[in-house]
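Spelled out, the chains give:
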Amino acid sequence: MNDMTPTREEREAKLQGMGCKRKRVEDVRFTQGRGQYVDDLKLPGMLFGDFVRSTYAHARIKKIDASAALALPGVKAVLTAADLKPLNLHYMPTLAGDVQAVLADEKVLFQGQEVAFVIAEDRYIAADAIELVEVEYEELAPLVDPFQAMAEDAPLLREDIKDKTEGAHGPRKHHNHIFEWTIGDRTGTDAAFDKADVTIKEMLSYHRTHPSPLETCQCVASMDKIRGELTLWGTFQAPHVIRTVASMLAGIPEHKVHVIAPDIGGGFGNKVGAYPGYICAVVASIVLGVPVKWVEDRMENLSATSFARDYHMTTELAATKDGTITGMRVHVLADHGAFDACADPSKWPAGFMNICTGSYDIPVAHLAVDGVYTNKAPGGVAYRCSFRVTEAVYAIERAIEILAQKLGMDSAELRMKNFIEAEQFPYNSALGWEYDSGDYHTAMRKALDAVGYDALRAEQREKRAAFERGETREIMGIGLSFFTEIVGAGPTRNCDILGIGMFDSAEIRIHPTGGVIARMGTKSQGQGHETTYAQIIATELGIPADDIMIEEGNTDTAPYGLGTYGSRSTPVAGAATAVAARKIKAKAQMIAAHMLEVHHDDVEWDIDGFRVKGLPESRKSMKEIVWAAYNQPPPNMEPGLEAVSYYDPPNMTYPFGAYVCVMDIDVDTGVYKVRRFYALDDCGTRINPMIIEGQVHGGLTEAFAVAMGQEIRYDEQGNVMGASFMDFFLPTAVETPVWETDHTVTPSPHHPIGAKGVGESPHVGGVPCFSNAVNDAFAFLGSTHIQMPHDHWRIWKAARALGA
Amino acid sequence: MSKVHIELTVNGKAHESLVEPRTLLIHYLREDLGLTGAHIGCETGHCGACTVDIDGMSVKSCTMFAAQADGAEILTIEGVAAPDGTLHALQESFREMHGLQCGYCTPGMIVRAHRLLQENPRPTEAEIRAGISGNLCRCTGYQNIVKAIQHAAATLAGEPFQEAAE
Ligand code: FES
Ligand code: FES
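Protein chains in written order, with this note's numbering: chain A, 11 to 814; chain B, 66 to 231.
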């Protein structure tokens, strides 16, 4: 070897593979304003669609008169339910097994519901025209409070299914009931509660909120009538699924539907489902024969396109007096709005709510979820979380604090006492999950040490004493949360969307000179897939990440996949990437052995090529092997070097973490200050620490928003209160706390590279952490639970109610 | 609708257009001039995704009419890099410090930061946070945006990068 030979470290560094803080490929275009988002698209002759929306929460439509709108120059058409009916498109199926009105049929069921679709030459004319469509309503009594939904005299909302006693998930108990979903051992759980020394019970409400990515939902539909092909560009987190839906609804064969998701300006669950806007744009394009664009505005986005949460969780824990948890019982009242449009895997009407036993070894549990209709927008999407996991973690992490308070025990100690032990993994939970791996005690201890937990508690005791002596009006809260997520849906044996198993895919093709293109079934909305998937391939195949291009979102070229949500990209598509790369590597090994004239068992992998065992100088680099694959493959071997993998995960992955929040609250104003926020995440193998940290910052900021004020509120008439950025709390840089991040690494044993996924952990763990901080601050005044969101006004009200 | 004649300079290039009086500047830039870098996040003046620089001030271009920009000198994200394509320190720093994710707020954020650093070449962290408080980001939690701006400020001043104290 001469001095010019790169060292192993240099060769590894050159790959920019897994574990390095590779700078993002995407940023080159985004920082120059050269991203390509849906609304940037401009096609010749393109028209613009806009909705007439319901002003009432519940009303009968007596008449729709579009004549004045149609008379406005530039208006091309106005669609109503009457136009869609003959096409059988006035209702569309939802992912949850219900149907949703595309355009209101005889009745409106929530304020902001789509009533008519106006198509005009530009967005200004369309906006004028929607004002000219006259809709005559007869107001009906609105149902806003989910707790009244199943009252005997509750108004009938869904006339279209009033005779259906059986829903998609079993019997319906009432005309506003959607499903009851139960799991666990009811008798055993009741027995545990009967025997318990100590029990707690609290109704924990997780309010309705919204993912509100900075870019709203939008699409462009373009029907080529001569070819019989439909192209649909849109903000789709799951473009392949949208293609299947579009094909089924429009009756166009799937291979003639081209769905393309270009750059997406954030999704957070908002862009998983299919919305009336997509259907109407497609119909309009089919009818008019020209491209039609639909772009919702912010108010439409917040008030009509997919809310999140609205789970009201009566949570109970049973324990011995020394703090061993012996049982858990949860009943959830789930407000689904006017249609059940939850984006959950088909067999999971309440998502993975049954992860609610959390990180604790709880021997027996029971969970029941009742879903009900109300006069509110449909949705129930997983806002930066895996299906209902945020709700589940909130329930257990608040409950554990309440139990600690009742036991007079420190909540960190109570957690430590009940954690699943590292040796217990794989761990089968009482509600049916098999946790893959974890080391909770180590993570918790590291977090407590990092923040100086004991000193913080001592400071808090002093402050409380000072408060009681009347020397200060400031109180201090220490919020803990320890979460276990369940992500990476999921094994096709129990997870599907519309009957399609939730596998995901990667197709890798290496060109003769070593350039790689990999196409994926997922779709980034800011997670940096173009950067990180390439890192996986770089490490697996010894090809520099810069020579690897990742392509997503074009359903014509990419292999079928279920898309990006529920932190499933890394656990599922990331695994597919590694598996596809390994198929290529196996072939490369044969080629290398042939080139080196040895048996393939006699060569071994060496960073970026194969070498003969025991003869390190005898080696072939991947570059040489790739070239050979195209011009001198071994006899009987096909030329070329590519592979595809459709990866069906054997299990979910279970990322976890320990978060601590220190908050100071002024009881006279309700103003709080987040003094410190520490987040330790264990997402298994870390592909790109820079991106992980960025995901954690972003998720924590969203968690902060949700816990501390972000809400979609309705008044008694069902009017949406404050569906604009004026009222909807999105923190600016000024309010946003500073985030400290940390990690432990417990790889997933069943994932090819051991990665678990991280995008949603900070949101899932962050919300209870903030809420626990607020609640902890007030606990010494006798409060057990204060409902979210904790905005200044509500904190102030809570302080007053407690006589602070 | 009768149209209004406007003349303005965008990214150093003179434009002359006929616009409807009600056309918002953001729509004029995006649809008439094809400058799609500035984005629309709200159309109500809250998010800052549409931020451009007008006559030395950061302006949310959804809050004014194109007609009001008659005679103005406008800089959009497309004009931030040097004419030869060399990226501005802010563009480099946003990538270096991972100050963006989905990229939707990024053009507005960089254009705002570009003005901020002219108003205050060495801002503290608190000054940066206040200075970009008209621009919302849903993805990053701002921490790395703040760092990116500090990094760019250091680069422009020819000094080593140090994370500023509050
Ligand atoms: S689009 Fe102009 S401020 Fe949001
Ligand atoms: S990077 Fe997505 S909104 Fe800022």
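Hints in this document: simulated from the structure, not taken from any laboratory. Predicted, not measured: the structure shown is a model, and the values here were computed from it. Positions of the beta carbon are idealized from the N, C-alpha and C atoms, including for glycine. Wrong hints could be hidden among the right ones.
Said to hold, decoys possible - Partial list, derived from the structure: chain B residues whose beta carbon lies under 7 Å from chain A:
{"#": "1", "residue": "Ser82"}
{"#": "2", "residue": "Pro86"}
{"#": "3", "residue": "His111"}
{"#": "4", "residue": "Phe130"}
{"#": "5", "residue": "Phe159"}
{"#": "6", "residue": "Gly206"}
{"#": "7", "residue": "Tyr207"}
{"#": "8", "residue": "Phe226"}
Here is what the structure says about each hint:
| no. | hint | in the structure |
| --- | --- | --- |
| 1 | Ser82 | violated (15 Å) |
| 2 | Pro86 | violated (11 Å) |
| 3 | His111 | holds (4 Å) |
| 4 | Phe130 | violated (12 Å) |
| 5 | Phe159 | holds (5 Å) |
| 6 | Gly206 | holds (3 Å) |
| 7 | Tyr207 | holds (4 Å) |
| 8 | Phe226 | violated (15 Å) |
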